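With the hints as constraints, model all of the structure from the sequences given.
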Amino acid sequence: KAVVSTQSTGILDADMSHHPKFIAEFTKVQQATGCDIVTGTRYRPGGGVYGWDWTRKLISCTANYLTQIMLWPGCSDVTGSFRLYRREVLENLVSCVTSKGYIFQMEMMVRAKQFGYRVEEVPITFVDRVYGESKISSKEIIGFWMGLLHLFATT
1 KAVVSTQSTG
11 ILDADMSHHP
21 KFIAEFTKVQ
31 QATGCDIVTG
41 TRYRPGGGVY
51 GWDWTRKLIS
61 CTANYLTQIM
71 LWPGCSDVTG
81 SFRLYRREVL
91 ENLVSCVTSK
101 GYIFQMEMMV
111 RAKQFGYRVE
121 EVPITFVDRV
131 YGESKISSKE
141 IIGFWMGLLH
151 LFATT
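Note that the working numbering numbers the sequence shown so that position 22 is 22, with each residue one more than the last.
Keep in mind the hints are simulated off the structure, nothing from the lab. Take these hints with a grain of salt, some might be off.
Said to hold, decoys possible - FRET-style restraints, in silico, Cβ to Cβ: (1) Thr-155 to Pro-20: 14 to 22 Å; (2) Gly-51 to Ser-95: 33 to 41 Å; (3) Leu-149 to Ala-32: 23 to 31 Å; (4) Trp-54 to Thr-155: 13 to 21 Å; (5) Pro-45 to Gly-143: 28 to 36 Å; (6) Ala-24 to Ala-153: 13 to 21 Å; (7) Thr-62 to Asp-128: 30 to 38 Å.
Only a predicted model underlies this, so the values are computations on that prediction, with no experimental measurement involved. Backbone N, C-alpha and C define an ideal beta-carbon position, used for all residues, glycine too.
In structure tokens:
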């Protein structure tokens, strides 16, 4: 799940839904801009999702839209997990994130903005997993909404 260098740590899905070909672009953007986090986005020109049914797209778009309205997280794709962090930034964020499940991805970006970390986005294409099945369930969706409300109330 993680790609490690001496200064940065990359996180991507191990089921091949995040293509490793984007890692070079993430590294290039981080080096060129000096940003703290590079995040892949499905919701900017050049990004996209392939292989999802309309229900899954609706859930993802709705979650991201509501998060934008309620939390202003400073990035367009808070539910994605394809990111490159400066190691010390990742360590700091992990030490203060309390969320469990999918919501932790959103909390990482909300806390990053709260702490003043600089975030850059790289458009990515997300392809539905080649191996395994989605772990998203009604329990995860309810947990997301509860987490969203918690972050709204506490940040």
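For this structure, which hints from the list above don't hold up?
1, 3, 4, 6 and 7
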